[in-house]
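Q: Just need the whole structure built from these sequences, with the hints factored in.
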Amino acid sequence: MTSFQDRERAEEAKFAHDADTQFRIQARRNRLVGEWAAERMKLSQAETEAYAKAVVQADFEEAGDEDVIRKLLGDLTAAGVETSEAEVRAALEAKQVEARRAFLGEA
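Taking our numbering, I'd label the letters of the sequence shown as residues 439 to 545.
Keep in mind that the hints are not guaranteed to be accurate.
[Unchecked claim] Below, a list of computed lysine to aspartate or glutamate pairs in the EDC-like style, where the Cα atoms sit at most 16 Å apart:
hint, residue 1, residue 2
1, 533, 497
2, 480, 520
3, 491, 477
4, 491, 473
5, 533, 477
6, 533, 503
7, 533, 473
8, 533, 520
These are computed hints drawn from the structure, not numbers from a lab.
A: Written as structure tokens, this is what we have:
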């Protein structure tokens, strides 16, 4: 019975670790895509930092990426930057890869 409990605890620990890793990668991706959008909107360095944090916060509104996409599209359009949903989604995918590589490289 002890080996089963040990295995169960190990699986729970692995699940928690994987969830934490995914959360950290997602937050890093959102910061990176926020910096990408800020650059396109020609924001200052201080504004870029604040905007990247706002994009990370926007991801807590609902599950999935739609809240982040909606924020980015709305802000880019409001700033007069010509963009499309496809372009924002492509940037999200590219920044996801970049964030995963950076996170796993430092882990």
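Q: Taking 16 Å as the top limit, are the C-alpha atoms of residue 533 and residue 497 close enough?
A: Distance of about 15 Å is within 16 Å: holds.
Q: Given the hinted pair residue 533 and residue 473, is their alpha-carbon gap at most 16 Å?
A: 10 Å, holds
Q: Next pair to validate is residue 533 with residue 503; report whether the Cα-Cα distance is within 16 Å.
A: Given that 16 Å is the threshold and the Cα spacing comes to 13 Å, the pair holds.
Q: Just to be careful, I want the Cα atoms of residue 491 and residue 473 compared with a cutoff of 16 Å; is the pair within it?
A: 9 Å, holds
Q: Residue 533 and residue 520: Cα distance at most 16 Å?
A: Violated: residue 533 and residue 520 sit about 20 Å apart, past 16 Å.
Q: Would the pair residue 491 and residue 477 pass a check requiring their Cα atoms to be no farther apart than 16 Å?
A: 14 Å, holds
Q: Compare the distance between the alpha carbons of residue 480 and residue 520 with 16 Å, and conclude whether the hinted pair is satisfied.
A: 13 Å, holds
Q: Compare the distance between the alpha carbons of residue 533 and residue 477 with 16 Å, and conclude whether the hinted pair is satisfied.
A: Satisfied, since the Cα-Cα distance of roughly 14 Å is no more than 16 Å.
Of the numbered hints given earlier, the model fails hint 8 alone.
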